[in-house]
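Visitor: Given these sequences and hints, build the entire structure.
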Amino acid sequence: MIHPSVREVTRGLAQKHPVFRVSSSKISVLNEPRQFYALLLDMIRRAEYRIFISSLYIGSSETELIDAIYYALSEKPSLQVYFQLDLNRSTRPGASSTAKILLPLISRFPERVHVSLFRSPHLRGVLAKLVPPRFNEGWGTWHAKIYGVDDEVIISGANLNQSYFTNRQDRYIHFKAQPHLVQYCFDFLRTVSTFSYKLSLPSATLEPNSYRHEGYVLHWPDSQTHPHHIQQKAGGALSAFQASWHTSHKLPALQDENDAGRPDSPEDDSVLLFPVIQAGQFNIREEESALALLYRQLDEHSKRAKKEGNPRPLVDLTTGYFGLYKPYRDLILASDVDTRIVAASPKANGFYGSKGISGRIPEGYTLLEQRFMRAVQKAGRMWDAPADCVHGKGVQLSEWERDGWTYHAKGIWVSPSHSSPPVLTLFGSTNLNSRSAHIDTELSFIMVVPFAQDTVRPVDAGAQPTKDPSHAPSTVALRHQLAGEVSQLRSYATRWKGAQRRVRYWTRVIVKMVEGML
7 MIHPSVREVT RGLAQKHPVF RVSSSKISVL NEPRQFYALL LDMIRRAEYR
57 IFISSLYIGS SETELIDAIY YALSEKPSLQ VYFQLDLNRS TRPGASSTAK
107 ILLPLISRFP ERVHVSLFRS PHLRGVLAKL VPPRFNEGWG TWHAKIYGVD
157 DEVIISGANL NQSYFTNRQD RYIHFKAQPH LVQYCFDFLR TVSTFSYKLS
207 LPSATLEPNS YRHEGYVLHW PDSQTHPHHI QQKAGGALSA FQASWHTSHK
257 LPALQDENDA GRPDSPEDDS VLLFPVIQAG QFNIREEESA LALLYRQLDE
307 HSKRAKKEGN PRPLVDLTTG YFGLYKPYRD LILASDVDTR IVAASPKANG
357 FYGSKGISGR IPEGYTLLEQ RFMRAVQKAG RMWDAPADCV HGKGVQLSEW
407 ERDGWTYHAK GIWVSPSHSS PPVLTLFGST NLNSRSAHID TELSFIMVVP
457 FAQDTVRPVD AGAQPTKDPS HAPSTVALRH QLAGEVSQLR SYATRWKGAQ
507 RRVRYWTRVI VKMVEGML
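Numbering (our numbering), first residue to last: 7 to 524.
Keep in mind that the hints were calculated from the coordinates and are not lab data. None of these values were measured; they are calculated from a predicted model. Check the hints yourself; a few may be wrong.
What the hints assert, rightly or not - List time: in silico SDA-like cross-link candidates among lysine to any residue, alpha-carbon distance up to 20 Å:
hint, residue 1, residue 2
1, K204, P116
2, K256, S276
3, K106, G65
As the list claims (entries may be wrong) - What follows is a set of in silico ranges between Cβ atoms, one per label pair, in the way DEER data are often shown:
hint, residue 1, residue 2, range
4, Y358, M519, 16 to 24 Å
5, W512, H232, 31 to 39 Å
6, S209, R510, 47 to 55 Å
7, M519, A458, 32 to 40 Å
8, T500, S113, 47 to 55 Å
9, G241, S425, 39 to 47 Å
10, G386, I363, 34 to 42 Å
11, D73, S34, 20 to 28 Å
No residue lacks a Cβ here, since even glycine has one placed at the ideal position from N, Cα and C.
Guide: Have a look at this one:
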């Protein structure tokens, strides 16, 4: 059954979101970048009829990845390959842009390789000409990270670049043999392609609103809609897409409190998976509604548990770019939900050591962290135990640092108590900050794992299970995988030291100007 701490959350999500029942035995939680890369290559090599890739961009050195796709296309005549990427990031000047890397595939397999490039409508006119390519991401990006082959998919926050395969920490959850879930992901990308440019080879003629750029053509597919004014079309398409899937994939009516969210039978090991779209620039704000529901219901459960002397739930939250969207910050501060947060240390920030103004970004996040912790203190929500103690109450901020690595993980885990593994997790592309809420286009998922009270062994969220969970029911094993994921991320986290860090005056000025883009 669904644990009482997330039962009403599950009911609320089911009213608005499609739901997929996924066998927990078909889900794997990966912990390391190299595992992610090895699995991705293996999936591509096994592809039979489709490969679809959604990412911000593909790095200039990813010849092995491109070669694997080329070989798969050569060996499988019916194989189709689809890319959904961000236009601004993929068309930067130079010979090694993502667009130029993909041109040989299009040239060799023109009917079987489809490259769609999303461009935010916010950056247009004179401003688009003035903003340097390195900074145009600040007006919005395509941010969903989905890697699918046939009927299996990896949902991640990682892009396709060398660092994401070696020393840039993220999250990666793999689903196999899931045709309905994978079709949803594929259809989501094809929906977005209807208001995205198409990467094409040079041609003598151009369609309206298409243009040539650095030896290729960016073709606009919709003669009725200008690419700078896609808000209504995009919002309508995404809303209709989600509504259609909700109609065909609903959670059966919940009978009563005891049966709420219960799997179809005692032997059913299905988890419930809810897709969550956030595209603020198109007025799609499902993530905001879902997190408000989550914290509201957790707050009620936590207060009730406190009154009855029962264990309180614990939330673990992480993001590589810690500038919590204000409504999320307010939810944490106003609630009675114990929350542990892991953010990147300045050295683990991907912009650490960058030249020019971007080199100040880690310092800017320090400023946002300082403001957050002052608000935590003012709200009387400071963590009331040593930093390494899982049984504290309040809000705790830790910083992640691993020698030679950067941090890009993001998401939420909900455990029914401080000493048991998670029963819910939010994962995907969102960084839970203002730009994720307002200007980027995101796809994330909320996964609810059934709770079997008589089979769950207590686990300290900061330690590995004392027994081998591989012999437990698959739902229990999955919960232990999630607990292990939290443990692995927190093993490189230490007490937040940002209060002592100096933030320069001009950094404060810059943050004030661009805070919504951080």
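Visitor: All hints, please: hold or fail.
Guide: For each hint, the structure was consulted:
With a C-alpha separation of about 12 Å, the suggested pairing of K204 with P116 holds against the 20 Å cut-off. With a C-alpha separation of about 14 Å, the suggested pair K256 and S276 falls inside the 20 Å cut-off, and the hint holds. In summary, the hint linking K106 to G65 is supported, as the alpha carbons are separated by about 11 Å, within the 20 Å threshold. Checked against the hint of 16 to 24 Å, the C-beta distance between Y358 and M519 comes to roughly 21 Å, which is consistent with it.
Between W512 and H232 the C-beta distance comes to about 38 Å, which sits within the given range of 31 to 39 Å. Look at S209 against R510: about 50 Å separates their beta carbons, and that is inside 47 to 55 Å. For the pair M519 and A458, the supplied restraint of 32 to 40 Å is violated, since their beta-carbon distance comes to about 52 Å. Distance hint check for T500 and S113: the Cβ-Cβ separation is about 50 Å, which falls inside the suggested range of 47 to 55 Å.
A hinted range of 39 to 47 Å for the beta carbons of G241 and S425 is consistent with their spacing of about 44 Å. Restraint check, G386 to I363: a C-beta distance of roughly 37 Å satisfies the suggested window 34 to 42 Å. Checked against the given bound of 20 to 28 Å, the beta carbons of D73 and S34, roughly 25 Å apart, stay inside it.
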